[in-house]
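**Q** All chains, full assembly: derive it from the sequences and hints.
Take a look at the letters that make up each chain.
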Amino acid sequence: MAFLELKNVSKGYGFGAKRAEVLQDINLSIAEGEFVAIVGYSGSGKTTLMSLIAGLQQPDQGTMTLRGETVTEPSPERAIVFQNYSLLPWLSVYDNIALAVDEVFPSWPVDKRRQHTDQYIAMVNLTPARDKKPRELSGGMRQRVSVARALAMDPKILLLDEPLSALDALTRAVLQDEIGRIWSESRKTVVLITNDVDEGIILADRIIPLSAGPGATLGQSVKVDIERPRDRKALNHDPRFKDIRNEVIGYLLGTGGRPKASVTRKLVLPEIEPEDLNAPRSVFRSVGPRRKNEEKRETVEVS
Amino acid sequence: MSDYVELSNLTKIYATPKGPAVIVKDFNLRIKQGEFVALIGHSGCGKSTVLSMLAGLNDINGGGIILAGKELDGAGPDRGVVFQSPSLLPWLTAFENVMLGVDQVFFTARKEERREIAEYYLTVVGLGDAMHKRSRELSQGMRQRVGIARAFALKPKMLLLDEPFGMLDSLTRLELQQVLLEVWGRTRLTALMVTHDVDEAIFLSDRVVMMTNGPAAEVGDILEVKFPRPRNRHALLEDPDYYRGREFLIEFLNERAHHRPSLACVA
Chain A
1 MAFLELKNVS
11 KGYGFGAKRA
21 EVLQDINLSI
31 AEGEFVAIVG
41 YSGSGKTTLM
51 SLIAGLQQPD
61 QGTMTLRGET
71 VTEPSPERAI
81 VFQNYSLLPW
91 LSVYDNIALA
101 VDEVFPSWPV
111 DKRRQHTDQY
121 IAMVNLTPAR
131 DKKPRELSGG
141 MRQRVSVARA
151 LAMDPKILLL
161 DEPLSALDAL
171 TRAVLQDEIG
181 RIWSESRKTV
191 VLITNDVDEG
201 IILADRIIPL
211 SAGPGATLGQ
221 SVKVDIERPR
231 DRKALNHDPR
241 FKDIRNEVIG
251 YLLGTGGRPK
261 ASVTRKLVLP
271 EIEPEDLNAP
281 RSVFRSVGPR
291 RKNEEKRETV
301 EVS
Chain B
304 MSDYVELSNL
314 TKIYATPKGP
324 AVIVKDFNLR
334 IKQGEFVALI
344 GHSGCGKSTV
354 LSMLAGLNDI
364 NGGGIILAGK
374 ELDGAGPDRG
384 VVFQSPSLLP
394 WLTAFENVML
404 GVDQVFFTAR
414 KEERREIAEY
424 YLTVVGLGDA
434 MHKRSRELSQ
444 GMRQRVGIAR
454 AFALKPKMLL
464 LDEPFGMLDS
474 LTRLELQQVL
484 LEVWGRTRLT
494 ALMVTHDVDE
504 AIFLSDRVVM
514 MTNGPAAEVG
524 DILEVKFPRP
534 RNRHALLEDP
544 DYYRGREFLI
554 EFLNERAHHR
564 PSLACVA
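Chains A and B, in that order, are what the protein sequence lines are. No gaps in the numbering here: position 192 of the first sequence is 192 in this note's numbering, and each next residue is one more. So the number in this note's numbering is just where the residue sits in the second sequence, counting from 1, plus 303.
Worth flagging that the hints you see were computed from the coordinates, not collected in a lab. Positions of the beta carbon are idealized from the N, C-alpha and C atoms, including for glycine. Warning: the hint list may mix true and false statements.
To be verified - Each computed SDA-like pair below joins lysine to any residue, with the alpha-carbon atoms no more than 20 Å apart:
| no. | chain 1 | residue 1 | chain 2 | residue 2 |
| --- | --- | --- | --- | --- |
| 1 | A | LYS133 | A | LEU91 |
| 2 | A | LYS266 | B | ARG489 |
| 3 | B | LYS460 | A | ASP276 |
To be verified - Only some residues are given here: those of chain A computed to face chain B with a beta carbon under 7 Å:
| no. | residue |
| --- | --- |
| 4 | LEU252 |
| 5 | PRO270 |
| 6 | ILE272 |
| 7 | GLY288 |
**A** Below is the structure:
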């Protein structure tokens, strides 16, 4: 039996003429311990899908089950890491994480909770910054706090909603490797939402493209059959990397791409030359622009 | 073909409280007419400084730039710039934003002709149906399309692109690279693009110029990209030469950005 299963899930917003269908016929089945990446355009409904899995929103149609039980509300068993970190600015790194730990494990003795919190701070290599406030940390460090907080709740499933999109390329690569390492140690079920195909290939067992909206749906999933740990540099030579990349990008730029308005229009581009604005204006009095020849008429296929 | 753009011994020094900081030192680059050159390097290496000097938006402290036989002095509409953020006026429509510049440089032309120029480029970048929307109603990717149309519509001698797709998500970036290539193919404007995306540099350009890390950044290496045009991404992604070039650039950025020149060639 699938661990997490979505069956014919649809979701839209608004009513009547303003109704916008966001997700349509989403079917997704994830096994326990699997790392799945969902790759799609911004605005295609990735975050809506994540909110559904998290239980922050309910599907209009279809069902979603976790271990066979229908999901109806948010729960610490499904932890989310958001793109914007969502840390409390007045609390230190430790207190931000402890807040979650205290909430989820109220029955534990104080010592055990403290030890647990510190263990996760160490896991994301933030021990030296343990008592700093979020504003004293870089974006990459803040996102580590957010990851540690999610993992410290010991969730059944970890939801990563574009966790690295706000970071620069170098920090992103470092955190990707870190997430890969942490996942290898914990083997949690993970759903990663991203717009970066390469990120999916580095981290996931399976990549599922989400087509461009409105009415986005999931495409054929692509297995990432590359042994771990995955080395960025070695991947560049790997024909499997190339194939997976091409397949996912091919879908997202092709059938799963944005609807193309194929209009054929008669357009005219006058073949005139721009004027030198530094020349004195009197030069131009009653003289038209310089022309190459009359006009170039062309029919443009707009895609 | 002779050199159309010539940057010779270009130097930029900023005064700081700790004394002068040499950002770019003796930077030399020649670009032929109709050539598309990409400039890559690490963040902060000074690539945008070079571009802004070329745009005339930044003073030159040493050396000089010649464009089409004339030494540059200040900014002007003969260089179309596409910024990372498209810098549109939010209360104007896409069309009005483009017309702002077109009305300036084509002020001797008929109104009808000016309108045609703006419409032509807006349609070519895929905004045929959205050109009369206000720019604040447009998505990030559509705004950048307006930015591209605006630069081309001025019919500049040269196109300057400063990380034009840096703010977009990676898929929209792929789409817009295609759009840019498509418009560029119609005009073959001489272009210099600053980027740190290795794939983008190879896909778009004829030559990738690698900059060493600052301070005192200079040209570290040059990669000729000889894939035929028009280019097709799918075919390119199948080509082993593409991966060779990609690896060469990545290797430069990772390991050699602080070393000295050699010359390389792909395809």
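**Q** Hints numbered earlier in the text: which of these fail when held up against the supplied structure?
**A** none
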